[in-house]
Each structure stands twice: as structure tokens, then as C-alpha cells.
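S.K.: Chain by chain, the residues:
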Amino acid sequence: MPEAKSLRAAYGEALVELGAKNDKVVVLDADLAHATMTSMFESAYPDRFYNFGLAEANMMCAAAGFAHSGLLPFASTFALFGTGRAYEQIRNSIAYVNANVKFGLSHSGLSVGEDGGSHQSVEDIALMRVVPNMTILVPCDPIETRKAVFAAALIDGPVYIRVARPVVETITDPDTPFVPGTILRLREGSDICILATGLMVREALKAADSLAVEGIRAEVADVHTIKPFDADYVLSAAERCGAILTVEEHSVIGGLGSAAAEVLAGNSAARFRRLGIRDKFGYSGRPADLFEAFGLMAGHIARECRALLG
Amino acid sequence: MGRESLDATELALRRDIIKMLYLCQSGHPGGSLSCVEILEGLYYRTLRIDPSRPDWEDRDRFVLSKGHSCPALYAILADLGFFPRSDLWRLRQVDSHLQGHPDMTKTPGIDANTGSLGQGLSIALGLALAAKHKRKMYRVFALVGDGEVQEGMIWEAAMAAAHYKLDNLVVLLDHNGLQIDGPNEKVMGLGNIVSKFSAFGFDCEEVDGHDPEAVASAAGRRTEGKPRFIRCRTVKGKGVSFMEGIAGWHGKPMNAQEYETALRELGGDQDA
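Residue numbers (numbering that gives the first Met the number 0), protein chains in the order written: chain A, 0 to 309; chain B, 0 to 271.
Just so you know, not all the hints are guaranteed correct.
[Claimed, not checked] In silico PhoX-like pairs for lysine-lysine, Cα to Cα no more than 25 Å straight-line:
#1 B/164 <-> B/133
#2 B/164 <-> B/135
#3 A/23 <-> B/131
#4 B/251 <-> B/133
#5 A/23 <-> B/185
#6 B/135 <-> A/23
#7 B/185 <-> B/251
#8 B/164 <-> B/195
#9 B/225 <-> B/135
#10 B/135 <-> A/20
#11 A/20 <-> B/133
#12 B/225 <-> B/195
#13 A/20 <-> A/4
#14 A/20 <-> B/225
#15 A/23 <-> B/195
Derived from the structure by calculation, the hints contain no laboratory data.
Please model the entire structure based on the sequences and the hints provided.
M.R.: Take a look at the structure:
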């Protein structure tokens, strides 16, 4: 049985581990340290942790001030409040100057669950994708979350790490190198390529299992970096498989599906579909029930693949 | 009642501001002219800086949170030798390092990108917190506008500055009373702004913002465990008669006749 852990716990642990190796790391939060799990860092390094209270805009600009002073700030809050409420602070005070600030923003997507639509960010990737200089990492499991934190620390400039709330089984290999800007093939297949990101990677693997029974060989690719986007991978997958399906726990507008569409349009005749949240807000419910209601389970992915190949 | 006359430096800086704004036919004269002596008090009498080493780690930091007033800052940075004075005449041009709002990645001597009002003070807060974190002795000065303090972020930063006891942070307010749409009191009254900062935990002082010695003296003081707030009483458009106290000169280009008049009033015949 693979190890299961919430991505936010993996994020908190990774910060503590990184903090031990790099004394420039400081962690900022906006009264959500016990939800984003930066509280782990606070316990380990109380004098390197700064709480800004409920003031995300101030926190983001202050993070720029830390970065301008040669420190390596990781600022955390919920994905919606970071990318949404503090959008223009990230845009002008951080990305515009390529300030070396990292945002580990948790509780992304529908999987916040019961808190409902006011807290479910269906648009955070889209908001960050349009900002120049931004790198966007979307880990799919605890191992990849740890790798994303360490990789972000090596990138010179702003990095958004999208951290989902649920407990997730480990599906990737600790020894596989994590190379930002690339797409990682998890399973070979020649009939269709499923490009999945975040929590959808596991569902895509399950979908590929069920498709295999029917004789459909689906390639499954883990899109852990939405930006910069690995266009070469997408084009070669389109060439190899002739069909591409994107799957994301995010709006189909502006996220992974859009990124793939932008690459394929005019460059490929491959069949193409986007699976994701269809320009709607979420609502309260258990994450699994919401994934079911929004058509984001393995069964939906398999059905979409069949339809695309049909 | 403020200080009556401007000295040669203040007139020369103003002539540079007027010239660069006339040449680019855009930009913000009113708020640039109101903060000249505040910047003079800081840059010529207070800040520990070295124009030959703009990235000197231990320098004092200055954040022009009211970023649109950057022509005044550019004139001073040029005068101090951070870059050639001739650069000023390329303000806002496509190949110039002098952007419409301050850009630390392009212009030597700029410590933070500002222009989107409200953000600069929070960056200054981060700089001050980082200085404490690194046990550095340098101080951080931020100049905010009176319209700018209507931004909610200002108060997020003010609360945090007191919470973290940032006695290395000095906030100066260029209080000329006018913003784009008219007088502060008509657009969105500030109330008793000194009482407000005081209630947020700042040590407060009020000075004549056109008296650089008074500004420097207030900015130089330090209160253990508290950030400082200095309300600088100023006149928008100070030094150019037809701009003084007129909100319309917030961001209006001058025509040739207005330019000549402004230069003459500022002793323009003294420029060789």
C-alpha cells in the first residue's frame, strides 16, 4: 500500500526540510498556518516565520520586500485568496520585477469540499498563467509536492505551487527527477494521451487501467508544470497517439486545457478534448461527491476517451 | 504657515522636473512638485546611501510609494550621480531606463517598483522586517500620498508595522490635500490622519513638508519599538504659480507657453 498523505502536509514537511538546508528561507502566512501546514515550519523555526494576519495583499508585497533583501520567502494562504485577492500585488510587486518569491497556495480546486464555492478556486491557474515571469507547479502527490518545493527554491523568480487539500496516495517515484517545465510520462500508450494535472493524475491512471481492459492503450502524462508549458511533449504525443485529452480540477478556460489547445491549434490534426470544470462555480460537498458531480472521476475520463476515439 | 522661499537647489530640481515632464508631454507635475523638499530632506540630509554603490547592502532604503511622483526622485538621483542628468530628458521614452513609474530593475537607486498605489508601503514593510530579520541597522523610509492612504492596504501595512515593532520604518505623508478627482475631503476624507496612524501604534509628528531641515530632523528621530509617521504639510504644484493648489495639474501635460512660464518662475534664466 503506497503511503498516503495530504499534499499540504507534504508541503509543510518540505518547507521544514528546505529550511534546514537553506537559512535564507522564511515562511509567511495569513492566519492559515494550521490549514496550509506552514505551522510545521513555524514550530521548527519560529524566528523565520511571519504571520501577517488576515491581510493577503500586504503579505504578498512584504514578501517582495523580503526577496529584495536577499531572503527566500515562501508565502502561503488559500489558492483563491493568494491568486485572487492578492492578484495585483503578485502581478506588480512580485512578477513585474521577477522577485524571488514562492507561493505555496493550498486548498485549491473543488477538493476544498465542504467550504463551498466561496473557497473553491476554479480559476487560480488561469490567473497565474497570464502573468509574465510566473512558473506554475501542480504536484499530483506528496512526493511530487516535496520535489516542487525544492525545485521552486532553485528557480530565480516567482513560482506558484498549487497545493490540494485531500489526502492522496503516492503515485510517483521518489527517484524520478523533477524537471520544471517538462511533462512526465507515467504510462506508455499509443491510442490516446491523457494529459492530467494535480489530483486528476491518479484518476487518469485508473481510467487508463479500465481502458486497457477494453484494448484501448492510453498514455498517461503528469503535467506537473503548467507554465512554462512543455509544448514539445504535447506535439509529440499528438503525433504518437493522434488524440489528446486534458484533465484538470480547474476551469477548462485558462488552465491545462487551454494551454494544450494553444499548442495544438494550427499545429496538429490530432483529436482533442478538455475535461475540467465547465465555466461554473463549485458548491459544498465532500470532495469525492463533487468530483462525481463535476465529472472528474476515472469513469468520466474513460468515457471521454472512448468518445474521443469513437 | 509654511516656509516661504525655495533655495537654489530646490529651484534647480524643479526646473529639471518641469523640463522632463514637458519633453515627454505626460506624467505628474503636481505631486512631483509637492514632494521635492521631503525628498531633499531625506536624500541630502538623512539617508545613508552611496551613489557609486546603488546595491550597497547596508544602505538605507527609500520606497516612493506614491510612485507617480518619480520625476522628483529621478531629478534628485541624477543630481546625486546615480545616473547622468541627461537621462532625465528621455523620461518615459521607449529606450529610456526612466519609466513612468519607478522600476528597480532598470534605474540605479530605485529600491522598489511602485506606481500601483498602496503596494509600496507594504514592500517597505517587508524591507524593514527583513532588515530586522538579518539584524541589519539600515532604516527604511516610505513616502505615501494623501490619496494613497485611502487604499486599504495602507492600513494592513500600518497594523503589521506596529505589530512587528518596526522602529526602523519611517512613513512620510505628502499631504497636499488634492487627488485626481479633487480635494481629499470631497473625494474621500482622510479624517484626522495623524490620530489614525497614532491609533495604529505609530509615533507621529507633523512638519512643514517644504522645509527639508524639518523633514530631516523628524525623519532622523527614532522611537524605540515603534514605527514613525510624519505628516508633511505640502502644496500641490509648489513653486509654479498656476499649478499651486490646482488638482487639475495632477497629471496634465504643459503647453509651450506654460512651460516657459513655469521655467521663468523657477529662475530658469539661471540654467546655463
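S.K.: Next step is simple, just say for each hint if it's right about the structure.
M.R.: Comparing the hints with the structure gives:
Of the pairs offered as hints, the one joining residue 164 of chain B and residue 133 of chain B holds, with about 15 Å between alpha carbons and a cut-off of 25 Å not exceeded. A distance of roughly 15 Å separates the Cα atoms of residue 164 of chain B and residue 135 of chain B; the hinted pair therefore holds under the 25 Å criterion. Of the supplied pair hints, the one linking residue 23 of chain A and residue 131 of chain B holds, its CA atoms being roughly 14 Å apart against a limit of 25 Å. A distance of roughly 43 Å separates the Cα atoms of residue 251 of chain B and residue 133 of chain B; the hinted pair therefore is violated under the 25 Å criterion.
A hinted pair counts as satisfied when its Cα atoms are at most 25 Å apart, and residue 23 of chain A with residue 185 of chain B does not qualify at roughly 47 Å. For the proposed pair residue 135 of chain B and residue 23 of chain A, the alpha carbon gap of about 15 Å is at most 25 Å, so the pair holds. The straight-line distance between the Cα atoms of residue 185 of chain B and residue 251 of chain B is roughly 21 Å, inside the 25 Å bound, and the hint therefore holds. For the hint linking residue 164 of chain B to residue 195 of chain B, the alpha-carbon distance of about 17 Å falls within 25 Å, and the restraint holds.
Restraint check for residue 225 of chain B and residue 135 of chain B: satisfied, since their Cα atoms lie roughly 17 Å apart, inside the 25 Å limit. At roughly 22 Å between alpha-carbon atoms, residue 135 of chain B and residue 20 of chain A fall within 25 Å of each other, so this suggested pair holds. Taken as a hint, the residue 20 of chain A and residue 133 of chain B pair is honoured in the structure, with Cα atoms around 17 Å apart against an allowance of 25 Å. For the hint pairing residue 225 of chain B with residue 195 of chain B, the CA-to-CA distance comes to about 15 Å; that is within 25 Å, so the pair holds.
The hinted pair formed by residue 20 of chain A and residue 4 of chain A meets the criterion: a straight-line CA distance of about 23 Å does not exceed 25 Å. As the CA atoms of residue 20 of chain A and residue 225 of chain B are separated by approximately 34 Å, the hinted pair breaks the 25 Å bound. With a C-alpha separation of about 35 Å, the suggested pairing of residue 23 of chain A with residue 195 of chain B is violated against the 25 Å cut-off.
In the structure shown, a violation is registered for the earlier hints numbered 4, 5, 14 and 15, in ascending order.
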